[in-house]
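A.B. asks: So you can see what is in the structure, the chains are spelled out below.
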Amino acid sequence: GAVVSQHPSWVICKSGTSVKIECRSLDFQATTMFWYRQFPKQSLMLMATSNEGSKATYEQGVEKDKFLINHASLTLSTLTVTSAHPEDSSFYICSATGQGTLNQPQHFGDGTRLSIL
Amino acid sequence: SQKIEQNSEALNIQEGKTATLTCNYTNYSPAYLQWYRQDPGRGPVFLLLIRENEKEKRKERLKVTFDTTLKQSLFHITASQPADSATYLCALDITGHNNNDMRFGAGTRLTVKP
Numbered sequence: 012g013a014v015v016s017q018h019p020s021w022v023i024c025k026s027g028t029s030v031k032i033e034c035r036s037l038d039f040q041a042t043t044m045f046w047y048r049q050f051p052k053q054s055l056m057l058m059a060t061s062n063e064g065s066k067a068t069y070e071q072g073v074e075k076d077k078f079l080i081n082h083a084s085l086t087l088s089t090l091t092v093t094s095a096h097p098e099d100s101s102f103y104i105c106s107a108t109g110q111g112t113l114n115q116p117q118h119f120g121d122g123t124r125l126s127i128l
Numbered sequence: 002s003q004k005i006e007q008n009s010e011a012l013n014i015q016e017g018k019t020a021t022l023t024c025n026y027t028n029y030s031p032a033y034l035q036w037y038r039q040d041p042g043r044g045p046v047f048l049l050l051i052r053e054n055e056k057e058k059r060k061e062r063l064k065v066t067f068d069t070t071l072k073q074s075l076f077h078i079t080a081s082q083p084a085d086s087a088t089y090l091c092a093l094d095i096t097g098h099n100n101n102d103m104r105f106g107a108g109t110r111l112t113v114k115p
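Protein chains in written order, with my numbering: chain A, 12 to 128; chain B, 2 to 115.
This is chain A alone, in the form it adopts within the complex (with noise of 0.2 Å):
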């Protein structure tokens, strides 16, 4: 149980383009999800944290504008690179905790891999 699929796995494309990742708990209803940025051999780095139904809460330095957060359902949430620069290529990772009890592990996607040319 606790399955959280991620989507795309891999993507390339031009510096410019807007890039939307899903992220959808297959077997349960995720409360709190989780967007993650990983670097080679680097932590990873919170991006942002979101509650279904409402507004996502950005971590200090990453520019809300650039990477919009929708968690419209308890199933599914998105992320979305806006104009995307070289500069935004990472690995990003979404997770999410379910219902229940607090100080519950996170589940997590197998990552996006986004390279922009």
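None of these hints come from the bench; they were simulated from the model. Just so you know, even glycine gets a beta-carbon here, dropped at the ideal spot from N, CA and C. Worth double-checking, as some hints may not be accurate.
As the list claims (entries may be wrong) - Output of the computed footprint for chain A on chain B, the stretches with three or more beta carbons under 8 Å from beta carbons of chain A: (1) 39-51; (2) 103-115.
What the hints assert, rightly or not - When the alpha-carbon atoms are kept at most 30 Å apart in a straight line, the in silico DSS-like pairs for lysine-lysine are as follows: (3) B/K18 / A/K52; (4) B/K60 / B/K18; (5) A/K66 / B/K18; (6) A/K25 / A/K66; (7) A/K52 / B/K72; (8) A/K77 / A/K52; (9) B/K58 / A/K52; (10) A/K52 / A/K75; (11) A/K52 / B/K114; (12) B/K4 / B/K64; (13) B/K4 / A/K52.
To be verified - So the derived label-pair ranges between C-beta atoms look like this: (14) A/K52 / B/T27: 19 to 25 Å; (15) A/Q53 / B/L71: 23 to 29 Å; (16) A/Q40 / B/S9: 48 to 54 Å; (17) A/S20 / B/D68: 36 to 42 Å; (18) A/T93 / B/R43: 23 to 29 Å; (19) B/K60 / A/K52: 25 to 31 Å; (20) A/Q53 / B/T70: 27 to 33 Å; (21) B/T96 / A/Q53: 21 to 27 Å.
Guided by the hints, dock chain B onto chain A, whose structure is given.
C.D. replies: Coordinates of chain B only, in the frame set by chain A:
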């Protein structure tokens, strides 16, 4: 400043030995701590959670300790196997209020040689 540090970027051990990974933190008072495994090109997978009032937690060949005085967690893999080779991440509850607000260490890449 607040930090989460995992002792080394890489750790190489021989099959059958015990791997010990360290997670140190400063200026946090976590209510709990988690360990995850991440394979290349994949998302992390949850392994164990240990709460501040627990000294030790075990799951099969895995053992985690949590010392809130030293501000340190140790993660042990006994009888290690090549299949245990991966990057291991510790994650802290940074608010101390059990509300799933976690931050991750950079990870330790473990290689178990046959």
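A.B. asks: Is the gap between the beta carbons of A/Q53 and B/T70 within 27 to 33 Å?
C.D. replies: Taking Cβ atoms as reference, A/Q53 and B/T70 lie about 29 Å apart, which means the hint holds.
A.B. asks: Does A/K66 sit within 30 Å of A/K25, going by the straight-line distance between their CA atoms?
C.D. replies: It holds: about 29 Å lies between the C-alpha atoms, which stays within 30 Å.
A.B. asks: Between B/K60 and B/K18, is the straight-line Cα distance small enough, at 30 Å or below?
C.D. replies: At roughly 17 Å apart (the allowed maximum being 30 Å), B/K18 and B/K60 satisfy the hint.
A.B. asks: Take the C-alpha atoms of B/K58 and A/K52, compute the straight-line distance between them, and say whether it is at most 30 Å.
C.D. replies: holds (28 Å)
A.B. asks: Given the range 48 to 54 Å, decide if the beta-carbon distance of A/Q40 to B/S9 lies inside it.
C.D. replies: At 39 Å between Cβs, range violated.
A.B. asks: Taking the Cβ atom of A/K52 and the Cβ atom of B/T27, is their distance within the range 19 to 25 Å?
C.D. replies: At roughly 22 Å between Cβ atoms, B/T27 and A/K52 fall inside 19 to 25 Å, so the hint holds.
A.B. asks: For A/Q53 and B/L71, compare the CB-CB distance with the range 23 to 29 Å and indicate the outcome.
C.D. replies: Roughly 25 Å apart at Cβ, these two residues keep to the hinted range, so it holds.
A.B. asks: B/K18 and A/K52: Cα distance at most 30 Å?
C.D. replies: holds (25 Å)
A.B. asks: Quick check: do three or more residues in the stretch 103-115 of chain B have a beta carbon closer than 8 Å to a beta carbon of chain A?
C.D. replies: With 7 residues closer than 8 Å to chain A, the stretch 103-115 of chain B meets the three-residue bar; holds.
A.B. asks: If you draw a straight line from the CA of B/K4 to the CA of A/K52, is it 30 Å or shorter?
C.D. replies: With Cα atoms ~17 Å apart, B/K4 and A/K52 stay inside 30 Å; holds.
A.B. asks: Given the hinted pair A/K52 and B/K114, is their Cα-Cα distance within 30 Å?
C.D. replies: This hinted pair holds, its Cα atoms lying about 20 Å apart.
A.B. asks: Given the hint that A/K77 pairs with A/K52, test it: the Cα-Cα distance must not exceed 30 Å.
C.D. replies: It holds: about 24 Å lies between the C-alpha atoms, which stays within 30 Å.
Violated hints, in rising order: 5, 16; the structure is consistent with all others.
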